[in-house]
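**Q** What follows is the residue order along each chain.
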Amino acid sequence: MKLHLYGFEAASRLLLGTAQYPSPQVLHDAVKASGAEIVTVSLRREGARERTGQRFWELIKELGVRVLPNTAGCRTVKEAVTTAQMARELFDTTWVKLEVIANDDTLQPDLFGLVEAARILSGEGFDVFPYTTEDLSAADRLLEAGCEVLMPWGAPIGSGQGLANPAALKSMRAYFPETPLIVDAGIGAPSHAAMAMELGYDAVLLNTAVAKAGDPAGMAEAFAQGVSAGRKAFLSGLMEPRDMAVPSTPVAGTPFFKLDNAS
Amino acid sequence: MRIVVNGEVTQTAAATLAELCTALGFSEARIATAVNGDFVPEAARGQRMIAQGDRIEIVAPRQGG
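Chains A and B are the protein sequences, given in the same order.
If you want the working numbering, it's the 1-based position in the first sequence plus 513.
If you want the working numbering, it's the 1-based position in the second sequence plus 142.
What the hints contain is simulated information worked out from the structure, not anything from laboratory work.
By construction, the Cβ of each residue, glycine as well, lies at the ideal position given by its N, Cα and C atoms.
There may be inaccurate statements among the hints.
[Unchecked claim] Which chain B residues stay away from chain A? Per the calculated CB distances, all over 10 Å, these:
1. Asn148
2. Ala157
3. Thr158
4. Leu166
5. Ile173
6. Arg190
7. Ala193
8. Gly195
9. Pro203
10. Gln205
[Said to hold, decoys possible] Not everything, but these chain A residues come out facing chain B in the computed CB check (under 7 Å):
11. Val554
12. Lys574
13. Arg632
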């Protein structure tokens with residue numbers, strides 16, 4: 514079963530960010546090694562002399578992946594909407610990773626602004642990927658606003674803490690069984706990505722853990738394996754944890770067995 | 143007239159946003175624009191007049207997470 518996002522089918526369940534790599538070549542190699550078919554990008558002020566953006570655009574085109582532009586750094590609905598509109602023209606896509614940031618220290622989403630911006634953008638024909646929390650009422654309102662995908666945080670952006678609230682993520686999965694859910698942000702290790710997938714999440718989105726690794730391409734591959742392992746485990750049915758030990762080796766026929774031992 | 147381009151005060155003789163982009167060396171470049179917080183599509187830059195004090199954003203693709 515492939516991942517379905519607004520009509521797009523992807524075999525890979527790993528979405529990768531393109532920021533903070535030591536060089537364009539390392540970014541290129543990491544994207545290739547990750548197997549990601551979707552990468553996040555952004556937009557920034559361009560200097561006519563430096564033309565930084567033009568070179569980056571060439572690199573992205575060469576990778577042949579689908580781009581998901583973000584509205585990172587936006588703090589108001591207005592900023593986020595205008596940024597999304599500019600991104601749609603720049604990247605020639607209706608996709609947008611919608612971020613409306615509430616606080617500099619936690620980079621947590623402003624859920625009220627997020628819902629409002631999602632409603633405006635969905636009305637303008639955008640396919641909105643909202644960066645949200647695991648709050649269920651916010652999730653309901655985002656779906657009602659037109660979102661077909663939800664991206665709750667694992668932990669604060671760039672923190673690498675893994676899944677800070679697995680119980681809430683589990684509830685969210687149970688509450689929205691049909692909606693594509695992507696854990697976005699806070700993933701620091703392949704085991705975190707595997708855990709998100711084991712909870713039944715459809716995909717994970719991460720950046721820093723790969724970009725800042727000693728060997729980003731190696732780490733990208735490790736994440737791809739973690740995501741695959743977690744997905745396979747979820748589909749195969751994980752055992753429920755038990756409070757007490759239960760022997761896995763058959764008890765019947767144990768040499769020297771006496772009934773007393775079992776009491 | 144004095145306008146603000148990407149946060150920097152700039153002097154320009156350009157009448158329209160399209161002229162401004164060309165004067166700044168952005169013709170042919172992959173950019174998107176906004177004036178005073180509102181998006182201006184590429185096709186509308188030729189009609190969008192520039193006024194004293196306008197705040198203009200000229201952006202391009204960049205790495206993102």
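**Q** Under the constraints set out in the numbered hints, which ones does this structure not fulfil?
**A** 1, 4, 5, 9, 10, 12, 13
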